[in-house]
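**Student:** Sequence:
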Amino acid sequence: MVDNAPSPGEEDPLSVHGVVPPTVTAFEADESVDYDATAAHARFVVDRDAHGVFPLGTNGEFPLLTPDEREGVVEAVVEEIGDDAPVIAGVGAASTRETVSHAEHAEEVGADGVVVVTPYYYPLDHDAAVRHYRRVAEAVELPVYVYHIPSKTGNSLSLDTLDALAEIENLVGLKDSSKDVPWLGQAIDAHPELTFLAGSDSLLFPGLEVGCAGMVSAVANAFPELVVDLYGAYDEGDEERARELQSEVYDVRDALKRGPYMAGVKTALDLRDVGFDPGPLRSPLRKMDDGDRAELESDLADLGLL
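For the working numbering, count along the sequence shown from 1 and bump the result up by 1347.
Keep in mind the hints are simulated off the structure, nothing from the lab. Computed from a predicted model, the values in this text were never measured in an experiment. Here a beta-carbon is modelled for each residue, glycine too, at the ideal position from N, C-alpha and C. Hints are not guaranteed to be accurate.
To be verified - Only pairs whose alpha carbons sit at most 35 Å apart, straight line, appear in this in silico DSBU-like list of lysine-lysine:
1. K1634 x K1604
2. K1499 x K1604
3. K1499 x K1634
4. K1499 x K1526
As the list claims (entries may be wrong) - Across the chosen pairs, the derived CB separations fall in these ranges:
5. Y1467 x L1618: 45 to 51 Å
6. D1377 x R1619: 22 to 28 Å
7. D1620 x N1351: 31 to 37 Å
8. E1455 x P1360: 17 to 23 Å
9. S1594 x S1442: 38 to 44 Å
10. A1441 x G1622: 33 to 39 Å
11. P1414 x S1645: 26 to 32 Å
12. S1442 x E1642: 27 to 33 Å
13. D1601 x G1501: 38 to 44 Å
Given the sequences, and given the hints that come with them, work out the whole structure.
**Tutor:** Pasting the structure below:
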């Protein structure tokens, strides 16, 4: 399964590794959820050799969805992907009660695992974080992965808190989007039993170097082939090629960051003509205007991606 890339944690029953895109939630023109197109995007990345899918991450716009919509997205993706790749559903919410409800639903409809973002808005201390994750993990039999993104949640996990979380029986991994490489390196060193996933396109190759088994890549939502090739080169022992591909990812990442927050991925999918319409972002987020779209198209064409 894995040759030269870091291995998943021994406690991870899914052995999550490689490229796990945080798939988009597609919307109709009126911003209602387009479940068929949402499932089609998950199929798009899996058919291009992504190793798993993570619906309802940041790119899935999960905080902007109702509970019923979130459940519908998980159902649509699970039904579409089946056993073709692990479906690790985002179930995190501001409250423990809602997070548990989403986790239980994900288990009921056949998700393979759940990703639990740290609760947001209110400050979270050590004891509250541990109790939150313990309650979620005790509510389901699925493997649980922590989603650490303090820039968005306002809550950073200390290494001591991670030590306590690692004691929870079915908490088996962590997606780190902190961009704090010293923290990540120390976390991996202390907990080789856990699976670690790099959560920023700026740290795909470096993440592998410090011990991440895989990567949750927004670039892979639009160009899965590029990120799959990066991981494959590294796993084959061709680190020089993997470095070159990371450099390409930097260029794509810069292009996608043009214009409004998170608009690049859906615009790039439009430009690729992938066979489904990802639609707009849900307000207050917005897609690129005509000028930004034209510049993105030019950038991607120059990079040989269109």
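**Student:** Now, for every hint given, state plainly whether the structure supports it.
**Tutor:** Cross-check of the supplied hints:
With a CA separation close to 12 Å, the supplied pair K1634 and K1604 stays within the 35 Å bound. At roughly 17 Å between alpha-carbon atoms, K1499 and K1604 fall within 35 Å of each other, so this suggested pair holds. The hinted pair formed by K1499 and K1634 meets the criterion: a straight-line CA distance of about 20 Å does not exceed 35 Å. A C-alpha spacing of about 12 Å is found between K1499 and K1526, which places the hinted pair at or below 35 Å, so the restraint holds.
Between Y1467 and L1618 the C-beta distance comes to about 32 Å, which lies outside the given range of 45 to 51 Å. A beta carbon spacing of about 24 Å between D1377 and R1619 agrees with the range 22 to 28 Å that was offered as a hint. Our hint of 31 to 37 Å for D1620 and N1351 holds, since their Cβ atoms are close to 35 Å apart. In this structure the supplied range 17 to 23 Å holds for E1455 paired with P1360, their Cβ-Cβ distance being about 18 Å.
Take S1594 and S1442: their Cβ atoms lie about 42 Å apart, and the range 38 to 44 Å holds. Taken as a hint, the range 33 to 39 Å holds for the pair A1441 and G1622, whose Cβ atoms sit roughly 36 Å apart. Checked against the given bound of 26 to 32 Å, the beta carbons of P1414 and S1645, roughly 41 Å apart, lie outside it. Distance hint for S1442 and E1642: a CB-CB separation of about 41 Å, inconsistent with the stated range 27 to 33 Å.
The given range of 38 to 44 Å is broken by D1601 and G1501, whose C-beta atoms sit roughly 26 Å from each other.
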